[in-house]
Amino acid sequence: MLAHQLAVENPLVQAEMVEAMEFPDLADRHNVSGVPQTTINDGANHVVGAVPEDHLLAEIQKILN
Amino acid sequence: MTNPLLNDEVAGQVKDVFSNQLKHPVEILFFGSKDNCEMCDETHKLLGEVTALSDKLHLTVYDLDENKSLASQYHVSMAPTIVVAGREGDQVTDYGVRFAGIPSGYEFSSLIQGLILVSGRDSGLAPATRQALKELKKPVLLQVFVTPT
Numbered sequence: 001m002l003a004h005q006l007a008v009e010n011p012l013v014q015a016e017m018v019e020a021m022e023f024p025d026l027a028d029r030h031n032v033s034g035v036p037q038t039t040i041n042d043g044a045n046h047v048v049g050a051v052p053e054d055h056l057l058a059e060i061q062k063i064l065n
Numbered sequence: 001m002t003n004p005l006l007n008d009e010v011a012g013q014v015k016d017v018f019s020n021q022l023k024h025p026v027e028i029l030f031f032g033s034k035d036n037c038e039m040c041d042e043t044h045k046l047l048g049e050v051t052a053l054s055d056k057l058h059l060t061v062y063d064l065d066e067n068k069s070l071a072s073q074y075h076v077s078m079a080p081t082i083v084v085a086g087r088e089g090d091q092v093t094d095y096g097v098r099f100a101g102i103p104s105g106y107e108f109s110s111l112i113q114g115l116i117l118v119s120g121r122d123s124g125l126a127p128a129t130r131q132a133l134k135e136l137k138k139p140v141l142l143q144v145f146v147t148p149t
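In order, the protein sequences belong to chains A and B.
By the numbering used here, the letter at position 35 of the first sequence is numbered 35, and the numbering carries on one by one without gaps.
By the numbering used here, the letter at position 19 of the second sequence is numbered 19, and the numbering carries on one by one without gaps.
Same shape as in the complex, but just chain A (with noise of 0.2 Å):
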């Protein structure tokens, strides 16, 4: 998994596959509807779908910028 080698590159960033129905309270919290869903800092931003690395990369350096 994408969010899983960024973690491993950087020490900074951890990542977690959360079973949406095991957890829906928090799941309905980031609105998730379709999968998968990477919510970046608890809502700060999101992406919906499998994405390529640089197109997950800019989504996590907008809200860092």
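No lab work stands behind these hints: they were computed from the structure.
Any given hint might turn out to be false.
Interface residues of chain B toward chain A, partial, derived using beta-carbon atoms under 8 Å [unchecked claim]: (1) 36; (2) 39; (3) 95; (4) 96; (5) 98; (6) 101; (7) 114; (8) 118; (9) 123; (10) 126; (11) 130; (12) 132; (13) 140; (14) 143; (15) 145; (16) 147.
Okay, the calculated bits of chain A under chain B, using three or more residues with CB under 8 Å as the criterion [what the hints assert, rightly or not]: (17) 8-15; (18) 18-26; (19) 40-52.
None of these values were measured; they are calculated from a predicted model.
The beta-carbon is built from N, C-alpha and C at its ideal position, and this holds for glycine as well.
Chain A is fixed; fit chain B onto it per the hints.
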């Protein structure tokens, strides 16, 4: 004795993949809870069966409430959560790789990939992505929501 979650065929395939692809030892930390955790027992059982398929995998079992400080150290607040870490002797290294909820069905392969990834100690990312990640100054939490299929 209850039936295993992994049938002989799947267990055999995973064992082959592990023997070819696991490089360095991996510590799997399981955080369960006695309180309202429907999938904890099954997740624990699954991890036990997976860990038995390679001597490079070690499983340790914790309780979210009884091992609060360790859970907090690993930023774990939900049960079940699986932390996939590196292990050198007694030294455990956190690579920030987590699974919340049971990685079964399609996500079983994500668990296997996660174990191989941490075992390799290398992200496998493109050079440009590695370079860009060096610029990070603040912590980033990625939560990838999936559903069982």
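Okay, the hints, checked on the actual structure:
At its closest, the beta carbon of residue 36 of chain B sits 11 Å from a beta carbon of chain A; the interface hint therefore is violated under the 8 Å criterion. Using the Cβ-Cβ criterion of 8 Å, the hint placing residue 39 of chain B at the interface with chain A is satisfied: the shortest such distance is roughly 6 Å. For residue 95 of chain B, the shortest C-beta to C-beta distance to chain A is roughly 5 Å, which falls under 8 Å, so the interface hint holds. Taking 8 Å as the C-beta cut-off, the interface hint given for residue 96 of chain B holds, the closest approach to chain A being about 4 Å.
Hint on residue 98 of chain B holds. Least Cβ distance to chain A is approximately 4 Å, under the 8 Å limit. At a threshold of 8 Å, the smallest CB-CB gap from residue 101 of chain B to chain A is about 3 Å, leaving the interface hint in force. The criterion of a C-beta within 8 Å of any C-beta in chain A is met by residue 114 of chain B, whose closest approach is roughly 5 Å, and the hint holds. Satisfaction of the interface hint for residue 118 of chain B is found here, the shortest Cβ-Cβ separation to chain A being roughly 7 Å, below the 8 Å cut-off.
Interface restraint check for residue 123 of chain B: the shortest CB-CB distance to chain A comes to about 4 Å, inside 8 Å, so the restraint holds. Here the hint on residue 126 of chain B is kept, as its CB sits about 6 Å from the closest CB of chain A, short of 8 Å. Restraint check, residue 130 of chain B versus chain A: the minimum CB separation of about 6 Å is within 8 Å; hint holds. Checking residue 132 of chain B against chain A: minimum C-beta separation of about 6 Å stays under 8 Å; hint holds.
With a cut of 8 Å, the hint placing residue 140 of chain B at the interface with chain A holds, because the nearest CB-to-CB distance is about 5 Å. Hint on residue 143 of chain B holds. Least Cβ distance to chain A is approximately 5 Å, under the 8 Å limit. Hint status for residue 145 of chain B: holds, given a least beta-carbon distance of 5 Å to chain A, under 8 Å. About 5 Å separates the beta-carbon of residue 147 of chain B from the nearest beta-carbon of chain A, less than 8 Å, and the hint is met.
With 8 residues having a Cβ less than 8 Å from any Cβ of chain B, the segment 8-15 of chain A passes the three-residue criterion, so the hint holds. Under a criterion of three residues with beta carbons nearer than 8 Å to beta carbons of chain B, the stated coverage of the segment 18-26 of chain A is upheld, 7 such residues being counted. Counting residues of the segment 40-52 of chain A whose CB falls under 8 Å from any CB of chain B gives 3; the rule of at least 3 is met.
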